[in-house]
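Participant: Read top to bottom, the protein sequences are chains U and Y. With the numbering used here applied, the first sequence corresponds to residues 1 to 361, in that order. With the numbering used here applied, the second sequence corresponds to residues 362 to 545, in that order.
In short, the hints are calculated from the structure, not lab data. Virtual Cβ for every residue (Gly too), placed ideally from N, Cα, C. Do not take every clue at face value.
To be verified - As a list, the in silico DSS-like pairs of lysine-lysine whose alpha-carbon atoms are at most 25 Å apart: (1) Y:Lys381 to U:Lys5; (2) Y:Lys539 to U:Lys44; (3) U:Lys329 to U:Lys357; (4) Y:Lys522 to U:Lys5; (5) U:Lys282 to U:Lys333; (6) U:Lys5 to Y:Lys504; (7) U:Lys236 to U:Lys225; (8) Y:Lys513 to U:Lys44; (9) Y:Lys441 to Y:Lys466; (10) U:Lys207 to U:Lys197; (11) Y:Lys513 to U:Lys5; (12) Y:Lys514 to Y:Lys466; (13) Y:Lys514 to U:Lys5; (14) U:Lys44 to Y:Lys441.
What the hints assert, rightly or not - Here are some of the chain U residues that sit facing chain Y, going by a computed Cβ distance under 10 Å: (15) Ile175; (16) Ile250; (17) Ile268; (18) Gln270; (19) Val273; (20) Gly304.
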Amino acid sequence: MSELKLMKGNEALAEAAIRAGADAYFGYPITPQSEVIEYLMAEKPFDRTGMVVLQAESEIAAINMVYGAAGAGKKVMTSSSSPGISLKQEGISYIAGAELPCVYANVVRGGPGLGTIQPSQADYFQSTKGGGHGDYRQIVLAPASVQEMADFVKDGFELAFKYRIPVLILSDGVIGQMMEKVDLFDPIPRMTDAEIKEKYPWATTGKKSGTARRIITSLDLDSHKMEEHNIKLQAKYKTIAQHETRYELIDCDDAEYIFVAYGSSARIAQKAVKLARAKGIKAGLFRLITLFPFPSKQIHDMCGKGAKGFLAVEMSAGQMVEDVLLAVKGCSKVEHFGRYGGIVHTPEEVLEAMEQKIIGG
Amino acid sequence: MTEELIIAGFGGQGVLSMGKILAYSGIMQDQEVSWMPSYGPEMRGGTANVTVIVSDERISSPILTIFDSAIILNQQSLDKFESGVRPGGVLLYDPNGITRHPERKDINIFQIEAASLAAEMGSTKIFNMIVFGAYLKIKPIVKIENVIRGLKKSLPERYHKLIPLNEDAINMGIKNVKAIHELK
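Produce the entire structure from the sequences given, and follow the hints as far as they go.
Facilitator: Below, the structure written as structure tokens:
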């Protein structure tokens with residue numbers, strides 16, 4: 001039965017993990033996402049569904065526990081915030097290389113280094129351009145509400161298992177800490193070991209005599225085989241790009257000036273659209289929901305629909321704007337605006353940037 | 362209807378929970394709500410604030426710099442947020458501990474002596490609910506019955522016996538709010 005609650009984004013993420021039928025969560029606390037493990041420990045899903053919740057000795061241990069559990073075909077999740085996510089990158093690259101499913105969340109804070117605990121979106125490059133080593137991609141979902149913090153856990157597991165790929169829920173301190181109304185989806189039962197054995201022929205579920213060994217690895221010393229493996233991975237990423245691109249158009253029907261944003265910046269830009277419309281400026285918002293795959297074609301198509309300029313709004317010094325530039329391919333003007341280092345821009349600042357850099361620039 | 366509110370004071374005054382109760386009350390009457398706290402080291406013994414939006418429409422930015430109303434519970438917060446109240450908006454404050462009172466002439470200013478009323482009622486814990494009552498008298502955006510329903514839903518059962526005391530506190534606030542400067 002679905003249920004209406006007032007929750008923090010972090011709490012919604014945690015509750016959604018239980019409801020999505022996750023088998024395990026391994027994590028390590030860090031502000032501003034500590035409520036995830038706090039909620040799980042208080043909620044005791046080990047009593048509710050049998051889900052394991054474990055505070056690991058470090059972020060690196062947690063991601064390697066994820067690697068192990070995912071290899072056994074289990075639905076497994078971790079979460080952290082920027083410095084902790086950096087620590088997990090080796091494990092994520094291995095999971096991508098070994099083609100295993102998992103969901104993890106980054107509730108981004110300002111960096112670089114230990115940075116600050118305030119919200120930021122400066123982990124875009126890390127999230128969409130690798131993060132760890134090697135030619136790999138991961139699906140990146142960017143929730144802009146507490147509702148999406150919950151829903152994207154369910155969607156994330158579906159995508160992770162469909163493509164055997166890590167799925168990142170890229171949030172930030174605003175979405176993690178804020179409370180909103182959330183309509184929680186109906187609980188999905190955890191899969192039994194027998195179901196996992198039957199459904200996932202790749203999972204290491206215990207070798208019986210007469211059956212072939214299943215090996216989970218990201219290593220192959222034969223470079224020709226490794227190239228073949230890479231070609232297979234790239235084909236998978238292409239399929240994902242074709243089928244899983246998600247975005248939302250807000251007030252774009254007659255829009256001439258388009259804000260491009262995701263996550264909390266999209267919420268702020270949405271207010272800037274309202275302020276702009278009140279001044280007679282035909283503004284709209286292109287909200288990215290997947291950051292990989294990036295909706296390049298859909299952004300480019302806006303040029304043919306009367307867009308005169310794009311303002312990439314992100315809490316960073318300019319990262320997503322590079323993908324907007326690649327998408328627009330010179331068909332229209334593109335500029336960047338964003339506060340960073342833990343400062344959240346205001347709708348008024350965002351509108352002013354549009355007026356100065358795009359409309360008057 | 363959209364109400365954009367900031368509640369600001371010391372950590373421990375019940376600033377965040379007052380915001381949460383308002384948000385829950387909004388949900389009880391099918392409105393959209395957002396609750397965005399300041400978080401971080403400043404919350405440990407220092408100032409705390411939360412912005413709450415209650416609206417009939419989908420809420421865009423949960424981050425606010427201009428407010429329809431401000432509930433101010435210490436001097437630092439008054440200094441910081443008085444200028445952020447929209448012209449014609451509402452500033453409600455407790456004069457306890459205030460040395461520089463609000464000075465703006467283009468907003469409606471109200472006082473609630475919640476600290477002393479709470480002491481009279483024998484419980485400092487209901488301080489925030491007295492303030493909340495005063496706010497609801499000025500801005501009746503949520504019905505009291507929905508506040509009570511929200512309390513019932515958000516509080517664990519073992520605290521439900523405290524709901525009548527909270528209701529008394531709300532009524533105390535409603536009765537004792539004073540207009541200091543009202544726009545015509």
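Participant: Given U:Ile250 as an interface hint, is its Cβ closer than 10 Å to any Cβ of chain Y?
Facilitator: Check passed: Cβ of U:Ile250 comes within 9 Å of chain Y, closer than 10 Å.
Participant: Taking the closest Cβ pair, is U:Ile175 under 10 Å from chain Y?
Facilitator: Because about 9 Å separates U:Ile175 from the closest Cβ in chain Y, which is inside the 10 Å limit, the hint holds.
Participant: Between Y:Lys514 and Y:Lys466, is the straight-line Cα distance small enough, at 25 Å or below?
Facilitator: violated, 40 Å
Participant: Can you confirm whether the C-alpha distance between Y:Lys513 and U:Lys44 stays at or below 25 Å?
Facilitator: holds, 23 Å
Participant: Quick check on the hint: U:Gln270 CB to chain Y CB, less than 10 Å?
Facilitator: U:Gln270 check passes; min Cβ-Cβ to chain Y is 4 Å, inside 10 Å.
Participant: Y:Lys381 and U:Lys5 were given as a pair; does the straight-line alpha-carbon distance stay at or below 25 Å?
Facilitator: Judged against 25 Å, a Cα distance of about 12 Å means the pair holds.
Participant: Keeping to a limit of 25 Å between CA atoms, is the pair of U:Lys5 and Y:Lys504 held or broken?
Facilitator: Between U:Lys5 and Y:Lys504 the Cα gap is close to 19 Å, so the pair holds against 25 Å.
Participant: Has the given pair, U:Lys236 with U:Lys225, been kept, meaning a C-alpha gap of at most 25 Å?
Facilitator: Holds, at about 17 Å.
Participant: Below or equal to 25 Å on CA atoms is what counts here, so check Y:Lys539 against U:Lys44.
Facilitator: Not OK: Y:Lys539 and U:Lys44 at ~47 Å, beyond 25 Å, violated.
Participant: Hey, U:Lys282 versus U:Lys333, does the alpha-carbon distance stay inside 25 Å?
Facilitator: holds, 16 Å
Participant: So, as I understand it, the hint says U:Ile268 touches chain Y; can you test that by seeing if any CB pair is closer than 10 Å?
Facilitator: holds, 4 Å
Participant: Hinted pair, alpha-carbon criterion (25 Å max): Y:Lys514, U:Lys5. Please report holds or violated.
Facilitator: holds, 9 Å
Figure legend: structure checked against the earlier numbered hints; hints not met, in rising order: 2, 12, 14, 20.
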